[in-house]
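J.: These protein sequence lines map, in sequence, to chains A and B. According to the numbering used here, the first sequence is numbered sequentially starting from 72. According to the numbering used here, the second sequence is numbered sequentially starting from 70.
Source of the hints: derived by calculation from the structure; they are not laboratory data. As the structure is a prediction and not an experimental result, all values here were calculated from the model. Glycine is no exception: its CB is placed at the ideal position from the N, C-alpha and C atoms. Worth double-checking, as some hints may not be accurate.
[Said to hold, decoys possible] Chain A is faced by these chain B residues, among others (derived, beta-carbon under 8 Å):
| # | residue |
| --- | --- |
| 1 | R71 |
| 2 | L74 |
| 3 | R75 |
| 4 | L83 |
| 5 | Y85 |
| 6 | V86 |
| 7 | F92 |
| 8 | L165 |
| 9 | G169 |
[Claimed, not checked] Derived, one-sided and incomplete: chain B residues facing chain A with beta-carbon distance under 7 Å:
| # | residue |
| --- | --- |
| 10 | D82 |
| 11 | F121 |
| 12 | N168 |
| 13 | V170 |
| 14 | W323 |
| 15 | A326 |
| 16 | D327 |
[Claimed, not checked] No farther apart than 20 Å at their CA atoms in a straight line, the calculated lysine to aspartate or glutamate pairs in the DMTMM-like style are these:
| # | chain 1 | residue 1 | chain 2 | residue 2 |
| --- | --- | --- | --- | --- |
| 17 | B | K167 | A | E243 |
| 18 | A | K148 | B | E263 |
| 19 | A | K148 | B | D240 |
| 20 | B | K93 | A | D178 |
| 21 | A | K148 | A | E254 |
| 22 | A | K148 | B | D82 |
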Amino acid sequence: MPVIQVEGVSKRYPLGKPVGSLKRVVGRWLSRQPAEEFVWALRDVTFSVGAGETVGFIGHNGAGKSTMLRLLAPISKPTAGRVATRGRIAALIALGAGFHPDLTGRDNIFLNGTVLGLRRAEIKRRFDEIVAFSELERFLDTPVRHYSSGMSLRLGFSVAAILTCDLLLVDEVLAVGDERFTERCLTRMREMRDAGTTILLASHNLGTVTGFCSRALLFRQGRLQADGPAGDVVATYQGRST
Amino acid sequence: MREDLRALVAARDLLYVWTSREFKARYAGSALGVAWALFYPLSLLLVFVAVFSWLLHVPTGGVAAPLFMYCGLAPWLFTNGTIQNSAFAVVANIDLVKNGVFPREVLPLATVLVGFVDFAISAVLLALLLGYYGTSLGAPVLLVPLLIAIQALLTLAVCLFLAGSVVLYRDVRFLVPIGLQFWMYLSPVFYPIELVPSWARPWYMLNPMAALLDAYRDVLLFARWPAWPPLALTAGISLVGLVVAYRYFKRAEWEFADRN
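Using the sequences provided together with the hints, build the complete structure.
T.: This is the structure in structure tokens:
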């Protein structure tokens, strides 16, 4: 039985003004128009992923990769179609976005860990392990607002590194790390894969996708354009863009 | 809704961590820290007593004006302050909402919990005033925890409703302070409900805050049991309101990430 089943999924976002206003609501109601503009981020996407697969999401900016991950997390709901997932999900959509700038690295480890669904006791027990992975011992009591983006990334991934989950969603978060840290993240993700975790990785780094993923999905303007072995799909993508 | 509650219970550690974060954000970093939580109600009390008692001679049922007014002011400030913070609990942390998966009601809920700390601090001042004026308390004072519980449910209901709608409708954030002003003047914060003309009283008592503040005064200042029908009505409104508000919030939360 698949871990992920996505059937005919479409997703649209309201365009332009990001937040509704009463004036627009009242105006729409008075004029009886459904006059809101939308942009389709995903159009009729269907695929399924089996347990233990490693799947890369590739495509240009705005192709729908992140939207798909958000639907799987789930952070939002599809406009049409069905998304079904099984097991415990951990979503690393934007590492460090869950950090609070005023809090120290130490406090943020607890905040981020509990957002990811870890128990406080578990974080306490494995605190040293998290800190060791991040190599941020010296900055634990520094507010995160003073961290560089690379440091935030390291702290964020280090918390996630102790997760045990059935499905791991990773969105482009490795991009700002240095090579050595990225390599360690990938090593950790391989361990998770070997332990049976299904991993979805959205990335612009095609080398990472071919190196890490067994399969890749190519998104283009919200549609699923190709689905197959990572090497072939990456080649398709490169052939198209050059 | 049962599923939502189960998810909320599962996220109790996050609630704990987030509440202590809110607590630190509120009290750490300012030189006087907790002292502000005392100074604020005290300064308001001064203005209230000066304007409504000395200037306008609002009757206070034979009780010293500072005590009478503070007995309404302290509970009101809990609801008022909590709503002010909670209404923006989700918008202020929209990045967390857009990138994390957790029950979103944790955010407004944490501000309500932190509001209890302010409430406890301002209650100390109330205790001091009660002692200073030599008020004798009776058995009815045992009702205070029940009154606080009803008030907390009511406050949480309003907070959930506002926290959700502020994200979706920008205008609501301007309505929050206006609404709170109206609510305060329409509640017996600095006047006794006896001042409300009797023809208007049934309507007036539909405001759940009216029965609550009146009951606080009954049990704390007059050592008498409160009028039960309005209190029961208020408890009912608060409970139903909370269920409705929670449902609204859980339905609205799927749009939080999409619309920001």
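J.: For every hint, state whether the structure bears it out.
T.: Hints and how they fare:
1. R71: At 19 Å from the nearest chain A Cβ, R71 (chain B) fails the 8 Å test, so the hint is violated.
2. L74: Constraint on L74 (chain B) not satisfied, violated at 17 Å.
3. R75: 14 Å, violated
4. L83: 4 Å, holds
5. Y85: Check passed: Cβ of Y85 (chain B) comes within 7 Å of chain A, closer than 8 Å.
6. V86: Given a least distance of 5 Å, the restraint on V86 (chain B) holds.
7. F92: With a minimum Cβ separation of about 12 Å from chain A (threshold 8 Å), the hint on F92 (chain B) is violated.
8. L165: Holds: closest Cβ of chain A sits about 5 Å from L165 (chain B), inside 8 Å.
9. G169: 5 Å, holds
10. D82: 5 Å, holds
11. F121: Violated, about 34 Å.
12. N168: 4 Å, holds
13. V170: 5 Å, holds
14. W323: 5 Å, holds
15. A326: 5 Å, holds
16. D327: 5 Å, holds
17. B:K167 x A:E243: Roughly 15 Å between the alpha carbons, so the hint for K167 (chain B) and E243 (chain A) holds.
18. A:K148 x B:E263: 52 Å, violated
19. A:K148 x B:D240: Distance of about 25 Å is beyond 20 Å: violated.
20. B:K93 x A:D178: 11 Å, holds
21. A:K148 x A:E254: At roughly 33 Å apart (the allowed maximum being 20 Å), E254 (chain A) and K148 (chain A) break the hint.
22. A:K148 x B:D82: The given pair, whose Cα atoms are some 26 Å apart, is violated under the 20 Å limit.
The structure fails to meet hints 1, 2, 3, 7, 11, 18, 19, 21 and 22 from the earlier list, while all remaining hints are met.
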